[in-house]
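Enquirer: Here's the letter readout for the chains.
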Amino acid sequence: MSNTSPEGRADSAHMPAVTMEGVEKYYGTFHALKHIDLTVARGEKIVVCGPSGSGKSTLIRCVNQLEAVQEGRIVVDGIELTAGPKNVEQVRRDVGMVFQQFNLFPHMTVLRNCMLALMKVRGIARDEAEATARRFLERVKIPEQAEKYPAQLSGGQQQRVAIARALCMNPKIMLFDEPTSALDPEMVKEVLDTMIDLAREGMTMMVVTHEMGFARQVADRVIFMDRGEIVEIAGPTEFFGNPRHERTRTFLGQITGH
Amino acid sequence: MIRPFGIDEILFIVAAVQWTLALSAIAFAGGAIGGLVVALARVSQVRALRYLALGYVRLFQGTPLLMQLFLVYFGLNIFGAGINPWLAASLALTLHASAFLGEIWRGCIEAVPSGQSEASWALGLGYVDRMKSIVLPQAAKIAVAPTVGFLVQLIKGTSLASIIGFVELTRAGQIINNATFVPFKVFGLVAILYFVLCWPLSLLARWMERRFAVATRR
Chain H
1 MSNTSPEGRA DSAHMPAVTM EGVEKYYGTF HALKHIDLTV ARGEKIVVCG
51 PSGSGKSTLI RCVNQLEAVQ EGRIVVDGIE LTAGPKNVEQ VRRDVGMVFQ
101 QFNLFPHMTV LRNCMLALMK VRGIARDEAE ATARRFLERV KIPEQAEKYP
151 AQLSGGQQQR VAIARALCMN PKIMLFDEPT SALDPEMVKE VLDTMIDLAR
201 EGMTMMVVTH EMGFARQVAD RVIFMDRGEI VEIAGPTEFF GNPRHERTRT
251 FLGQITGH
Chain B
1 MIRPFGIDEI LFIVAAVQWT LALSAIAFAG GAIGGLVVAL ARVSQVRALR
51 YLALGYVRLF QGTPLLMQLF LVYFGLNIFG AGINPWLAAS LALTLHASAF
101 LGEIWRGCIE AVPSGQSEAS WALGLGYVDR MKSIVLPQAA KIAVAPTVGF
151 LVQLIKGTSL ASIIGFVELT RAGQIINNAT FVPFKVFGLV AILYFVLCWP
201 LSLLARWMER RFAVATRR
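For the protein sequence lines, the chains are H and B, in the order given. Counting in the UniProt record's numbering, the first sequence runs from 1 upward without gaps. Counting in the UniProt record's numbering, the second sequence runs from 1 upward without gaps.
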């Protein structure tokens, strides 16, 4: 990878992957994110959980500016996102995202889905883009589906294609927005396994999920959000074993205690 | 002297179909280009462009096509282009079609799920690539049926160009009627010819609509 750094980009090895300082986000009068301060280290795996409407999706969607914020600073890989559209484009190239509804391009084959951004954004030639796409489809264990259209695949397969599509761009950070919530139960594992592999390889990950097994196994830190605030941040052992806040305990009781 | 309504008269009317088709084709081609510009402006992030396009659409949807023809016809004369029915009819119908196709296509663009744009942004695709590779191809599939439907309206709309002296199907009918005085027969023939042009298109639009409905159900 070339090192054409924008102005003020410091030595990247010691820089946090994501820094959020005093971030405030409103939808009209609804206060969606309340004074968020968060630093994510390189290679760190963060799991974000919380009840619906707590702002957890909004939080990670701010990292690649699918949501604009009204106040505060967001710095991703040394690039200040909140300082203009050029920076936003640059950050998006280096941040991969996986959505709850997959959002594959239905009019393109699986292979084309993976090649498109390589060719259009990175300017890579077709042959090389195809080789890269096939390599990542291999990695998510569906190389044989390359010529099919998304609608011909199962949900779990589609989500693995979506992961491969994001990985093709060689991202520095991966965002996962409830990647298993739209899946049939028997397909959750294949997607989680793919994410666990990715985590082992050292990818920086921010994952919104209700899969607490995944959080225990993979997360360096778990964030609990409620009503737009970060209520609690802790390592998984402490988070699940000894949550400090009442709201966290209530939430954990609701999703685990049947 | 009253002419009989014979084979020559019938052929004169039938031959005029080509001018109706030519005018429709010009208006449709021009309207496709203008309509794409209007549709993209209507969904633009730039507020001024959105309002400009909205104003244009409202203006053309809120006035009769006949007035639009008159304004262009006499307007061109004021601006020194002289009295030219071809130019006036082509321009007025193009402006008209641009507004309507723009509004139809705006709806089709907005019908593409927002997740498609979000995935494009997340991959770092710029505006042109997002529109060209992701949004417009999906919108086009939705747009085919209503677009053919509008084409039927446009073909029938060209009949108004007869009033500014453009000799197409309707005007040819008027000319023959003025000589033969058998209006029911003459305009009956004119109507049948319009029907022959438009009915297959209506069938096509309905067939495509049904095929699209089946395709999106799964």
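Heads up, a few of these hints could be off.
Derived Cβ-Cβ restraints for the label pairs, each shown as a range [to be verified]:
no.	chain 1	residue 1	chain 2	residue 2	range
1	H	Gln254	B	Leu59	38 to 44 Å
2	B	Phe79	H	Gly28	45 to 51 Å
3	B	Ala48	H	Glu24	24 to 30 Å
4	H	Thr29	B	Phe79	48 to 54 Å
5	B	Ala22	H	Glu128	45 to 51 Å
6	H	His14	B	Leu54	22 to 28 Å
7	H	Gly202	B	Val46	37 to 43 Å
8	B	Val14	H	His107	38 to 44 Å
9	B	Leu49	H	Ala41	54 to 60 Å
10	B	Tyr51	H	Lys34	52 to 58 Å
11	B	Gly107	H	Lys34	36 to 42 Å
12	H	Gly28	B	Ala29	39 to 45 Å
13	B	Leu59	H	Gly28	39 to 45 Å
Below, simulated DSS-like cross-link-like pairs (lysine-lysine); rule was C-alpha separation at most 30 Å, straight line [to be verified]:
no.	chain 1	residue 1	chain 2	residue 2
14	H	Lys86	B	Lys156
15	B	Lys132	H	Lys148
16	H	Lys120	H	Lys86
17	H	Lys172	B	Lys156
18	H	Lys148	H	Lys86
19	H	Lys120	B	Lys141
20	H	Lys172	H	Lys148
21	B	Lys141	B	Lys185
22	B	Lys132	H	Lys120
23	H	Lys148	B	Lys185
24	H	Lys120	H	Lys148
Footprint (simulated), chain H over chain B, 3 or more residues, beta carbon under 8 Å [to be verified]:
no.	segment
25	40 to 53
26	76 to 88
Just so you know, the hints here were simulated from the structure itself, not pulled from any lab data. C-beta atoms are modelled at their ideal positions from N, C-alpha and C, and glycine is treated no differently.
Enquirer: For each hint, tell me whether it holds in the structure or not.
Expert: The hints, checked one at a time:
1. Separated by about 56 Å at the C-beta atoms, H:Gln254 and B:Leu59 break the suggested range of 38 to 44 Å.
2. Checking the proposed 45 to 51 Å range against B:Phe79 and H:Gly28 shows it holds: the Cβ atoms sit about 47 Å from each other.
3. For the pair B:Ala48 and H:Glu24, the beta carbons lie near 28 Å from each other, so the given range of 24 to 30 Å is met.
4. For the pair H:Thr29 and B:Phe79, the beta carbons lie near 51 Å from each other, so the given range of 48 to 54 Å is met.
5. Between B:Ala22 and H:Glu128 the Cβ separation comes to about 48 Å, which falls inside the hinted range of 45 to 51 Å.
6. One distance hint, 22 to 28 Å for the beta-carbon pair H:His14 and B:Leu54, is violated here, with the actual separation near 51 Å.
7. Take H:Gly202 and B:Val46: their Cβ atoms lie about 42 Å apart, and the range 37 to 43 Å holds.
8. Between B:Val14 and H:His107 the Cβ separation comes to about 42 Å, which falls inside the hinted range of 38 to 44 Å.
9. Between B:Leu49 and H:Ala41 the Cβ separation comes to about 42 Å, which falls outside the hinted range of 54 to 60 Å.
10. Distance hint for B:Tyr51 and H:Lys34: a CB-CB separation of about 34 Å, inconsistent with the stated range 52 to 58 Å.
11. Between B:Gly107 and H:Lys34, the C-beta spacing of about 37 Å keeps the proposed range 36 to 42 Å intact.
12. For the pair H:Gly28 and B:Ala29, the supplied restraint of 39 to 45 Å holds, since their beta-carbon distance comes to about 43 Å.
13. Separated by about 31 Å at the C-beta atoms, B:Leu59 and H:Gly28 break the suggested range of 39 to 45 Å.
14. For the given pair, H:Lys86 sits about 49 Å from B:Lys156 by alpha-carbon distance, which is inconsistent with the 30 Å threshold.
15. Distance hint between B:Lys132 and H:Lys148 is fulfilled; the C-alpha atoms sit about 22 Å from each other, no more than 30 Å.
16. Simply put, H:Lys120 and H:Lys86 have alpha-carbon atoms about 17 Å apart, close enough for the 30 Å limit, and the pair holds.
17. Of the supplied pair hints, the one linking H:Lys172 and B:Lys156 is violated, its CA atoms being roughly 58 Å apart against a limit of 30 Å.
18. Annotation: proposed proximity of H:Lys148 to H:Lys86 is violated, straight-line Cα distance about 35 Å (limit 30 Å).
19. Simply put, H:Lys120 and B:Lys141 have alpha-carbon atoms about 23 Å apart, close enough for the 30 Å limit, and the pair holds.
20. Between H:Lys172 and H:Lys148 the CA atoms are separated by roughly 28 Å; this keeps the pair inside 30 Å, and the hint holds.
21. Of the supplied pair hints, the one linking B:Lys141 and B:Lys185 is violated, its CA atoms being roughly 41 Å apart against a limit of 30 Å.
22. Straight-line distance between C-alpha atoms of B:Lys132 and H:Lys120 comes to about 11 Å, which keeps the hinted pair within the 30 Å bound.
23. For the proposed pair H:Lys148 and B:Lys185, the alpha carbon gap of about 58 Å is over 30 Å, so the pair is violated.
24. A hinted pair counts as satisfied when its Cα atoms are at most 30 Å apart, and H:Lys120 with H:Lys148 qualifies at roughly 21 Å.
25. Interface restraint, the segment 40 to 53 of chain B with chain H: violated (0 residues with C-beta to C-beta distance below 8 Å; minimum three).
26. Remark: the segment 76 to 88 of chain B is not confirmed as covered by chain H, as 0 of its residues place a Cβ nearer than 8 Å to a Cβ of that chain, below the required three.
Comparing the model with each numbered hint stated earlier shows that hints 1, 6, 9, 10, 13, 14, 17, 18, 21, 23, 25 and 26 do not hold.
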